[in-house]
Amino acid sequence: MEAVHLLPLGMAFVFLVAVFRRDRTTTRPREHTIVVSDPAIIRSALIDHADAFSNRPLPRFPAGRPITHSITSAPYGPLWQGLRRNFTADILHRSRLGVLTPLEREAAAATVASLSAQAGNNGDVVIRNTLHGAVLALFARLCFGADDDNGMDERALRTVLQMQQEFLSNFTLVRATDRSWLTRLLHWRRRRRHAGVFDRIDEVFIPAIMARRRRRSRDGDCGDGFRSYLDSLLELDIPIDDDDDGRARRPLTDEEIGFLIWEFLSAGTSSTVTCLEWTLAHLAAEPGIQDKLHREVAAHHLRSMTGKAASELHLPYLHAVVLESLRLHPPVPFVLRDVRAEDVAVALGEAAVPPGGASVSFVLGGIGRDREVWTNPDEFRPRRRRGRRGELGARAEGDQDDAVQRWAPALCGRGDGYGARQVLPC
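Take the sequence shown: its position 99, counting from 1, is numbered 131 in the working numbering, and each next residue is one higher.
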């Protein structure tokens, strides 16, 4: 008798599913994606036609939360240009190297001390946890100020570290549940935890933003003598969306600043830690390379104690080791762009693109392992960067002049390298 009652319910459920799927297939446009893996085409698109290939797919924000753009999500235009220009001038400019060097030395010393203490306990040493904490602390000082009273204490940093780990671990799983409404329903708890990160961003960062604003009002701009990324965001004015002539501007809201800070800490930390992890792994597997690098660093130790910036030291082998690690393991393995049909035709040649445009996926991870370009591409060989005259310089192996094309995984176009400048200048 119970089966008789359940049969109509089952039929109704199947009918609703069929209607829902039919509605989705008739109203949702099909997404077109072009996959590009050729180095020459990638260089042409991301460098020669950077303006046309600067729009990224809009990220999916939780329902009920207003869309808050960052550098990696804002469409190409006045807003993106203002955010990117501010970030480049205050963080990536070479004039900042002298300010960053003491902070980097302190972070390196703290990392070595932590690893030494863990190794002294005769237990297993988890390198990633130590590196992640040290790099996050460094980026937090760049973001909030170099002094200890910058609004981000150890407890707040532990919270941010936990948020980053949860966000990264759940990101792929949550994206996988977007395939159907049934998977979204079954994994609603996971999706709720993932969406809750956005609320925690406001809870963690807005108090620090307000504290920095009060300190600036009391002590003047950059009263501690260190201009942080937060200071630049507090002074930044962005264009108003509904202004026709583009001249009207407004300051960033605390929520917008908090999201930009989250982007800075997350992108910079993850890419830097990834590069360090792979580099240390290759050095552990290649004792000869490790010994040679140690001799070079030891020979320049006295010069490093004089306070010169890292880029002023002559450490070509260290530079080669870092770039070889980036060749094998680029922190950004692929880049997504939304483009119009006419832009694709200009950069990529004849391509069947619908009038509404398409999404282009640039596969950067395979460029560094192209056997037609690299000799034994899967081997870790820093000496492949030896130039024509035998020195270790900016040229890659061989006689090809276009080093940018060959090292595309490390130089992947506009706005895709928060941590790159932290590991490349050496």
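It should be emphasised that the hints constitute simulated quantities derived from the structure, not laboratory data.
Please note that the accuracy of each hint is not assured.
Unchecked claim - Simulated restraints on C-beta separations: (1) 232 <-> 331: 42 to 50 Å; (2) 121 <-> 272: 38 to 46 Å; (3) 125 <-> 313: 53 to 61 Å; (4) 72 <-> 243: 31 to 39 Å; (5) 135 <-> 324: 23 to 31 Å; (6) 313 <-> 373: 18 to 26 Å.
As the list claims (entries may be wrong) - Using 20 Å as the maximum straight-line C-alpha spacing, the simulated SDA-like pairs for lysine to any residue come out as follows: (7) 324 <-> 310; (8) 324 <-> 348; (9) 324 <-> 295; (10) 324 <-> 288; (11) 324 <-> 354; (12) 324 <-> 415; (13) 324 <-> 312; (14) 324 <-> 313; (15) 324 <-> 346; (16) 324 <-> 416.
The beta carbon of each residue, even a glycine, is placed where N, CA and C say it ideally should be.
Going down the list of hints, with the structure as the test:
no.	hint	result
1	232 <-> 331: 42 to 50 Å	47 Å, holds
2	121 <-> 272: 38 to 46 Å	22 Å, violated
3	125 <-> 313: 53 to 61 Å	32 Å, violated
4	72 <-> 243: 31 to 39 Å	50 Å, violated
5	135 <-> 324: 23 to 31 Å	28 Å, holds
6	313 <-> 373: 18 to 26 Å	43 Å, violated
7	324 <-> 310	18 Å, holds
8	324 <-> 348	12 Å, holds
9	324 <-> 295	36 Å, violated
10	324 <-> 288	46 Å, violated
11	324 <-> 354	14 Å, holds
12	324 <-> 415	11 Å, holds
13	324 <-> 312	14 Å, holds
14	324 <-> 313	16 Å, holds
15	324 <-> 346	15 Å, holds
16	324 <-> 416	15 Å, holds
Violated hints, in rising order: 2, 3, 4, 6, 9, 10; the structure is consistent with all others.
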